[in-house]
Every structure is written in structure tokens, then in C-alpha cells.
Amino acid sequence: MPPTIDAELRALAAAIREIRARQQLSQERVAGIGGVGRKYVGQIERGEIVPSFAALVGIARGLDVPLSEVVRVYEERLRARASTGMDGSAPAG
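Quick note on numbering: our numbering labels position 74 of the sequence shown as 1139, and the sequence is numbered without any gaps.
Calculated directly from the structure, the hints in this document are not laboratory data.
A virtual CB, placed ideally from N, CA and C, is assigned to each residue, including glycine.
Wrong hints could be hidden among the right ones.
If you anchor each label on the Cβ, the simulated ranges turn out as follows [said to hold, decoys possible]: (1) Gly1150 to Ala1119: 29 to 37 angstroms; (2) Ile1114 to Glu1134: 18 to 26 angstroms; (3) Ile1098 to Ser1133: 26 to 34 angstroms; (4) Glu1083 to Arg1103: 17 to 25 angstroms; (5) Glu1093 to Val1115: 21 to 29 angstroms; (6) Gly1150 to Gly1102: 17 to 25 angstroms; (7) Arg1144 to Gly1100: 29 to 37 angstroms; (8) Val1136 to Asp1071: 13 to 21 angstroms; (9) Ser1148 to Ile1098: 27 to 35 angstroms; (10) Arg1103 to Gly1150: 32 to 40 angstroms; (11) Ser1148 to Glu1093: 14 to 22 angstroms; (12) Arg1111 to Thr1149: 17 to 25 angstroms.
Kindly generate the complete structure, drawing on both the sequences and the hints.
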């Protein structure tokens, strides 16, 4: 069963938080460099909203990583959630 949009949003939120923590950046700094609002970054990190592509590009810029790194970490988090059954579906196997 494919992951739900909620699982995908949680995985994206976790990826952005993880990269931001690794870089030791505040939401304010990521938002300022990325050209998005700090509240918007917080909403994305909490999985409350679906960000636009332009916002993801800006957040990647603010995190000082390529967008592909955000996607790579997102995919890792999504796979981890699926393997533990945290995506709302039964674990594979």
C-alpha cells in the first residue's frame, strides 16, 4: 500500500528539521535566506501544510543544500516510516 499524504508530509517535515539541525540553523535564518516566512517554515516542519515547489527550492537554499538532498533525506524518512508501519499501512514482509 502506498504511503498516505500525511505520512509523506511527516517524512518531509522530518527531513527538513533533520537537515536544519545538522546545519545548526534557526528557522529564522533558513526562512530569511530562502525567501519564505519563518512561520511557513515552522508549519512545513510540523507537517501542517503542503509546501509549493518554489518554497521547497527556497528552503533548500536556506539550508545551503541542493534540493536533491532534501528529497534524498525525505525518501529515507519515508522508507523508515514504512518499514516501521508508521505511515498508516502495514509493514512490508
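Check each numbered hint against the structure and report the violated ones by number, ascending. 3, 6 and 11
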